[in-house]
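**Student:** Take a look at the letters that make up each chain.
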Amino acid sequence: MTAEQFDRAPSVRKNVRGALDPERSFLALIALPALVVMIAVTAIPFLATIGLAFTNYDPLRGDSWSIIGLDNFTDLLNDPNIPTIIWTTLYMVTAIVIAETIVGLGLAVLLAIPMRGISIARTLFLVPVMTAGIAVAIVWKVLLNPDYGWVNYFLGLLHLPQPVWLGDPALAIPSVVIADMWTGVPFMAILLLAGLLGVPAEHKEAAVVDGASARQVFWYIEVRAIQPILIIAILFRTMDSFRKFEGVQALTGGGPGLASQVANLEIYQRAFVYDQTGSAAALSVVMAIIIIIVIGLMYWTLRRLSR
Amino acid sequence: MLSPRFSRVAVTVTTVAILVGACSSSATTAPTAAPPASTGTAPSAAAGSTAPSAAAQPYAGQTVVVNTIEGQEFTAFKDELPAFEAQTGIKVSYNFIDPTTYQDKLPIQLAAHDSSFDVFFIGSENLPKYVAQGVVEPLDPYIQDTTKTPASWDYTDVLQTARDVCTTPDGHVYCVGTHLGASMLFYNKKMFAAAGISGPPQSTDDVLADALKLTTGTQSGFCMRGDKTQNLLDPIYSWGYWLPFQNKVTGYWFDSSWNFMLGQSPYANQFGTWYNQIMTKAAPKGITTYLFSNCESDLEQSKVAMWWDDSSFVSDLTDPTKSAAAADLGFTEIPCAAVNPQCVVVGPWAGFINKNSTHKDAAWQVLQFLTGKEASTYAVSKKALANPVRTSVTQDPTLSSAYPADYLAAVAYAGAHGNPVLLPFIPEGVAIIPPISLGLSELASNQGSVDSIMATMTAGVNAIMKKAGYPKPVPGVSP
Chain A
1 MTAEQFDRAP
11 SVRKNVRGAL
21 DPERSFLALI
31 ALPALVVMIA
41 VTAIPFLATI
51 GLAFTNYDPL
61 RGDSWSIIGL
71 DNFTDLLNDP
81 NIPTIIWTTL
91 YMVTAIVIAE
101 TIVGLGLAVL
111 LAIPMRGISI
121 ARTLFLVPVM
131 TAGIAVAIVW
141 KVLLNPDYGW
151 VNYFLGLLHL
161 PQPVWLGDPA
171 LAIPSVVIAD
181 MWTGVPFMAI
191 LLLAGLLGVP
201 AEHKEAAVVD
211 GASARQVFWY
221 IEVRAIQPIL
231 IIAILFRTMD
241 SFRKFEGVQA
251 LTGGGPGLAS
261 QVANLEIYQR
271 AFVYDQTGSA
281 AALSVVMAII
291 IIIVIGLMYW
301 TLRRLSR
Chain B
1 MLSPRFSRVA
11 VTVTTVAILV
21 GACSSSATTA
31 PTAAPPASTG
41 TAPSAAAGST
51 APSAAAQPYA
61 GQTVVVNTIE
71 GQEFTAFKDE
81 LPAFEAQTGI
91 KVSYNFIDPT
101 TYQDKLPIQL
111 AAHDSSFDVF
121 FIGSENLPKY
131 VAQGVVEPLD
141 PYIQDTTKTP
151 ASWDYTDVLQ
161 TARDVCTTPD
171 GHVYCVGTHL
181 GASMLFYNKK
191 MFAAAGISGP
201 PQSTDDVLAD
211 ALKLTTGTQS
221 GFCMRGDKTQ
231 NLLDPIYSWG
241 YWLPFQNKVT
251 GYWFDSSWNF
261 MLGQSPYANQ
271 FGTWYNQIMT
281 KAAPKGITTY
291 LFSNCESDLE
301 QSKVAMWWDD
311 SSFVSDLTDP
321 TKSAAAADLG
331 FTEIPCAAVN
341 PQCVVVGPWA
351 GFINKNSTHK
361 DAAWQVLQFL
371 TGKEASTYAV
381 SKKALANPVR
391 TSVTQDPTLS
401 SAYPADYLAA
411 VAYAGAHGNP
421 VLLPFIPEGV
431 AIIPPISLGL
441 SELASNQGSV
451 DSIMATMTAG
461 VNAIMKKAGY
471 PKPVPGVSP
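Protein chains in written order, with the numbering used here: chain A, 1 to 307; chain B, 1 to 479.
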């Protein structure tokens, strides 16, 4: 290619110059380690999981595994517990996301009010977010103990019913949600607080001057302004809730019965307790598809609502 | 170019996301450091002797890695290792691992042919699975080789039950027992007396009746692990009072035609009703989330009057620094019913050699030492080993001076009426657990009628067995 041809080929010129652009090269360079890690710890295991789903591999069979087609998926279809497990998972995720979004948004509004010591309060709200999920679950297991837990103690002081939180099938998932809120609400609040603090004060002042009430300022100015972050936060929380494992394992072990048996716990038990690796992989694939559909629908709906 | 506002938001979001990702991942526990050394003085094999010659130390310089749970028996065994190391020249790296982590991690390590450890200790009920996987080393060639095993390490000194559980139907030995876990009923004599009950229950019907009588607004009559992750072990301990023992491969789990015994009439209804009644009417509130630690704690604080679990807990229960009820506790085996003279399930803990170990001979020397008479006697003397498997140690006065007489009488009964088949001796022994655990959890939380729950449980077990090809000929089972 001559210099003249080069100048006449805008797309080639653009690509080459783009590649040589120091800023873009730098960005690519700093993204490279993340890309490599993502491929190593996410993409490869994900592909391996898909492959395992079509085999009868389990540690007991060792080297004698074989490809069995869709048998694992057929077994899942015929397993009477699977619909309950998927329903329980969706129930838990929905409850977590709705509860934590509403409470988190309210908390973010409170934390956005300028007052003395608010920075300390904002920092303290990071503590639950930085606490290991398993530790949180164990603490909540003690708090919710029907005999000596603090929750029932205070309910007793108020002469309210003292339920068997983790042992009652109807309360098992609500208990898991309550325990999760301790870490999930600050997470949502901090994300939404970042958005609220970014709303220009002039916009709110102008709305007030125009006669808007506090409710209208909150709803039409602040919530509108933080919608992109709200969508991201809800999607993050949804994906994270689908991943929930250690909290359920430590709090209820999936019981009583199937009352809190969520998909991740079932997958873990099939793979690592009962040596049904292929079956666990098949359930993982099914759950991945469900999550993709749910997240896609949520993203589409939230985007439409935000317009 | 990104706007400053967007950048601020993006940075905040990303930072928070990274923090959450980093901090909320499952806590994994690395092998923990060894606990503080005992203050006791370990008897030293090499104490007072001169340094052994190189010829007497054929494995000198090798490092053997031992993995085990944190337990007082294993802590006591560790006290003796310096003497062993001095005598043999073998360096022993002795790792204590949190029990929950260990139960999860070990199968994965073995399945992955991990060679980073040489010897490991775990319940012998895992043997069929490990043999099927080909991940444990057969030990009979080592035991029979007099160049590797001196006559003083007498394998026949190990109780027959403990030898049985380490031996496959084809006669190969894969493990050596350290201590014998047996089903046992712990009860609070003071609470029994206060309720007007003269002595420990003599049948499962008595257990239920006494438990109901002992249950009040402030205390519960009975405790068993109810959390779905642990709820199977204790019912297994009780089944022997309803189900007839079949053979050394399937115990009371399956008959010779591979029918799931617990699902058969009248056993299903008899056991299901008993379990449902005692767990819903006489157990603490929230029993379906109870781990062994919850039952132990409740018994130690006199919140429950009876706890049916493993005999190994005796040391903690009788330690007044740990148990407020130590002086009030009694120990008993419920006498076997006519249906099954081998009603007491025993599940010895045992040491194995990793098939992928690169120091198998040295590992065998370490395993011999840790399962030898000297190590056991020392652990008993420290009140760290309540149920040794060596006959010579059980007859040693050290044991009778360390533990209550009723406990030792119960252990003797367990030895005479022991059922060594904790789980069926087939590769699918573990695979059948999920439907049973689920059914037990449903029984304990009143999630259906006893008959329907037991029928679902049985259908689940049958489906798993059918998929695995049963009924099929298995030595020692099929007619």
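Source of the hints: derived by calculation from the structure; they are not laboratory data.
In this text, a Cβ means the ideal position worked out from N, Cα and C, and glycines have one as well.
Each hint should be verified, as a subset may be incorrect.
Quick look at which bits of chain A chain B covers, simulated, 3 or more residues with Cβ under 8 Å [unchecked claim]:
#1 43-51
#2 82-91
#3 99-107
#4 274-286
Label pairs and their calculated CB-CB ranges [stated by the list, open to error]:
#5 B:Q264 / A:V36: 52 to 62 Å
#6 A:T131 / B:A337: 44 to 54 Å
#7 B:I143 / A:W65: 48 to 58 Å
#8 A:I113 / B:S452: 26 to 36 Å
#9 B:T101 / A:L77: 30 to 40 Å
#10 B:K467 / A:V37: 55 to 65 Å
#11 B:T358 / A:L32: 34 to 44 Å
**Student:** So, for every hint listed, does it hold in this structure?
**Tutor:** The hints, checked one at a time:
1. 43-51: violated (count 0)
2. 82-91: Per the Cβ count (0), the hint is violated.
3. 99-107: violated (count 0)
4. 274-286: That given contact holds, which follows from 3 residues of the region 274-286 of chain A lying within Cβ reach (below 8 Å) of chain B.
5. B:Q264 / A:V36: 52 to 62 Å: holds (58 Å)
6. A:T131 / B:A337: 44 to 54 Å: Taking Cβ atoms as reference, T131 (chain A) and A337 (chain B) lie about 50 Å apart, which means the hint holds.
7. B:I143 / A:W65: 48 to 58 Å: violated (34 Å)
8. A:I113 / B:S452: 26 to 36 Å: At 56 Å between Cβs, range violated.
9. B:T101 / A:L77: 30 to 40 Å: holds (34 Å)
10. B:K467 / A:V37: 55 to 65 Å: violated (39 Å)
11. B:T358 / A:L32: 34 to 44 Å: holds (38 Å)
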